[in-house]
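Trainee: Next come the chains, spelled out residue by residue.
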Amino acid sequence: MNPQMTTVEADKILKSINVSQIISDKENDIKEAQIQNLSNERASREPIPNIIEDAFNSDEMIIETSVGEVKIRKMVIADMTIFKLTDSPFYKLMMGDVTEDGNNSNEVFKKLFPDEEYLSSLVYQFTNPVKDVYKLIKKSKSEYYDTVTEYVGFVYEPADILLIVNGIIKHIGMVNQAHVEFDTSISSEDKKKLNHS
Amino acid sequence: MFEYIARLHSTYHYTTDYIMYDLDLLTGWLLYGYAYYNEPVNKFGGIRLVKSPMSNEADILHQQLKEMVSKSI
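These protein sequences, in sequence, are chains A and B. Heads up: the first sequence begins at 55 in my numbering, then just goes up one per residue. Heads up: the second sequence begins at -19 in my numbering, then just goes up one per residue.
A few of these clues could be false.
Said to hold, decoys possible - Here are the simulated DSS-like cross-link-like pairs (lysine-lysine), alpha carbons at most 27 Å apart as the crow flies:
no., chain 1, residue 1, chain 2, residue 2
1, B, K46, A, K80
2, B, K31, A, K224
3, A, K66, A, K125
4, A, K138, B, K31
5, B, K23, A, K85
6, A, K85, B, K31
It should be emphasised that the hints constitute simulated quantities derived from the structure, not laboratory data.
From just these sequences and the hints, can you work out the full model?
Mentor: Okay, structure coming up:
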């Protein structure tokens, strides 16, 4: 049986609490909670949050480079398979194995791109139709990297590659943020019962 | 990934090919979240949103507000 609080006991506890002491001790926490509340309220008033606005925006992402305009295609689920097949650090990042701990962007960048091959691979992947990229990598990894070098390394200047990669990373970051997560109160035991009924 | 494809396929009747190669992931995640939220099993058992685009937006606003407060002190 669950224990029940009586009004007499509740009054006794409330009287023993020194409210002004708690307020002065927790001043910073209270201010933090007020700021948090204001941010949540403001975000709730937004009719369409940024990410959703971008999701329904069909405009193509275009990057101006020294060789002209480069179109970046939007990420699809097959890109995750390509990341996996190329051992891309992005796969680990999106699966939550690598976290963007700390605010040192240089370290995050090094973690994501240990060498230039990954940079070129990313540019090739997002500037070509996903099916073609997938077919090529499934055929042969060495052929894939030869094509990447030919397509990216011999065409773009290093500054162009960084510009394109920057655009791609922004898009991937947004995709990562769009992942809605829920917490259900149904236990695994309950789920089993529902499946059997 | 399988869960993503299967849910979008059964809820919106998209073809697997469309989900894999054409549906951009940004839109896909939002549709997936909506489908998951509206699944009767989850509605029945109770469901709580722990991460959404709105909470990300609130985090950005929170950071901006904190910076404004620290500058004003």
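Trainee: For each hint, tell me whether it holds in the structure or not.
Mentor: Taking the hints in turn, this is what the structure says about them:
1. Note on K46(B) and K80(A): the hinted pairing holds, with a Cα-Cα distance of about 17 Å set against a maximum of 27 Å.
2. Of the pairs offered as hints, the one joining K31(B) and K224(A) holds, with about 19 Å between alpha carbons and a cut-off of 27 Å not exceeded.
3. Under the criterion of a C-alpha separation no larger than 27 Å, the hint pairing K66(A) with K125(A) is inconsistent with the structure, at around 69 Å.
4. For the proposed pair K138(A) and K31(B), the alpha carbon gap of about 25 Å is at most 27 Å, so the pair holds.
5. For the hint pairing K23(B) with K85(A), the CA-to-CA distance comes to about 35 Å; that exceeds 27 Å, so the pair is violated.
6. For the proposed pair K85(A) and K31(B), the alpha carbon gap of about 23 Å is at most 27 Å, so the pair holds.
Checked against the numbered hints given earlier, this structure breaks hints 3, 5; the rest are met.
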